Amino acid sequence: MSTTLRGSPRAGAGPVASAWLPGSLLWRVAVLSVIVVFVQIGVVSDVPVFGVSIDLSPLLVAFTGLLCGSMLGAVAGFGIGLLVDLALMQTLGVTSLIFTLIGYGSGRLRELRDPQAALTPLLLGAAAAAGAMVGYSVIEFLLGVDAPISFELLREIVVGTLVDTAVALPMWVLVRRCLIGGLPDDPRRRRRRTYTTGGLSPLSHSRGRLR
Amino acid sequence: MYDKTVRRRRAVLALLVVLSLILLTAYFGEAPGGSLHAVQRGFLTVISPVQDGANKALKPVRDLFGWFGSTLHAKSQNSELKKQLAALRRELASRQEDEQSYRELIKLYHLDSALSIADYRPITTTVVYKSPSIWYLNVTIDKGSSSGVRINDPVIDGEGLIGKVTEVARDGALVSLITDSAVEVTAKIAATGEVGLLQPQVGEPGRLLMQLYQSAGAPVSRGDLVVTSGTISSKGDSLYPRGIPIGQVTSVNEQSAFKSINVSPLADLSNLDVVQVLTMVPGSPAAKLSGSVASLAPASPAEIEGEGPGGQVASTGGGG
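Sequence lines, in order, name chains F and H. For the first sequence, my numbering assigns the number 1 to the initial residue and increments by one for each residue that follows. For the second sequence, my numbering assigns the number 1001 to the initial residue and increments by one for each residue that follows.
Hints listed in this document are in silico derivations from the structure and should not be mistaken for laboratory results. From a predicted model like this one, the values you see are computed outputs, not experimental measurements. Backbone N, C-alpha and C fix where the C-beta goes; we use that ideal spot for every residue, glycine too. Careful, some of the hints might be misleading.
As the list claims (entries may be wrong) - In silico SDA-like links for lysine to any residue, alpha-carbon gap of 20 Å or less:
#	chain 1	residue 1	chain 2	residue 2
1	H	K1059	F	F38
2	H	K1056	F	F38
3	H	K1056	F	L162
4	H	K1130	H	K1083
5	H	K1288	H	D1119
6	H	K1130	H	S1181
Unchecked claim - Quick partial rundown of chain H residues pointing at chain F, CB under 8 Å, derived from the structure:
#	residue
7	V1012
8	S1020
9	Y1027
10	F1028
11	L1036
12	F1043
13	L1044
14	I1047
15	L1058
16	I1123
17	V1127
18	V1128
19	K1130
Assemble the whole structure, with the sequences as input and the hints as a guide.
The structure is reproduced here in structure tokens:
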């Protein structure tokens, strides 16, 4: 495979999947979530792009699930959703429910398919953004919010998904950089890091030993 | 081990989903003063300073992004706004013309309102005497100078103009009907705006003849309404308020150089009982205007011929 998700710990039944929510990782996720939510509220929401605001929180939840697995993805989704609902004075539980499902789904994607393509964060970010917006709309309609189903709503969902997709890759880089230190070592990632940090390959070692 | 992991994962998911649903249901069902709302308000109270600080700290970043966004947005809107500007300029030119017309109409409206019935004080009176002779088409009313009635005050009834006051006593007044030879009314065709002098028709008592000053060429139809024009043609005329209905066109004569129109009065002049005198309060705009117009108006042909302008004015225009 030429294009891979570098640094993404291989899961399956790997160490992360079997571990019960490592504490350091939880702290990293919590701190990152608070920072992202505050940045979202304080900066990003005030900068409309093509008439919509970038929503970083579903991207954060999806990438957390992709990196850390379904369980931590679901927990992170619930917590981030609750934080968003509390901070924005929204109906409690709506965003939590949606983000829980997004985080769990992203984690399951990693655990079942283990996608290694470079475009995976892009596609996952788009799916997470679209899912969040559609899910939010559906729940609000079910709750009886008086808003007509209009072309404007469809445009908001489509444009919002595209805008979120555009920032998915930078967000992926950020989330991976912040969380990867808390992830349990993955044999493949450790091997790859050895090659890319100036370390010698086993062959060179053997050559040295031979000399 | 694997089953345990799967069960734990599913249990966590179910727990979080159920918790979300419980939160959602409880929050949605409770009153605004409920506990969950209170928790939310408390959370907002706690994080508000933090949020405020974060907002201030991140303001330069926000402004930077905002500057980029605004610039891109402005560039994308530039051509569209130029088109809108051109369209608005064209519209502005059109509106300015409309505004000019509007101002003229406003001026006209003020003039109209100065001469409207609303600026007069109507006094309701009863007709106590009717002339039996067809040569003197006038009636006597039971209100006079003690009630504010003056010479030349217009007199109307429910149908329209019936005449003007030509003699005034303390408790009574003489009203000359519009079919009387002593009365001339400057009138106009309501539909076309053509102005003319309305006089009794010779040989047909109870009918009026309207001589148009200048024919505008617009067709006058049978049944068109004739109303007071709000102007006077000679010094002795009464300044009738504009727009009082007088009669309807019955036929049009175009044989002569001047178009003349036969008019049938709207009011039943042979059966008058209760009428109204439109009196002018001394010093009121209507009284001032009436006096000014009467003094500025050109002398009537009778005055020019030396028929005794003083008597003419004294009998019909003194009270203007």
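Unmet hints by their number, sorted upward, for this structure: Violated hints: 3, 4, 16, 17, 18 and 19; rest satisfied.
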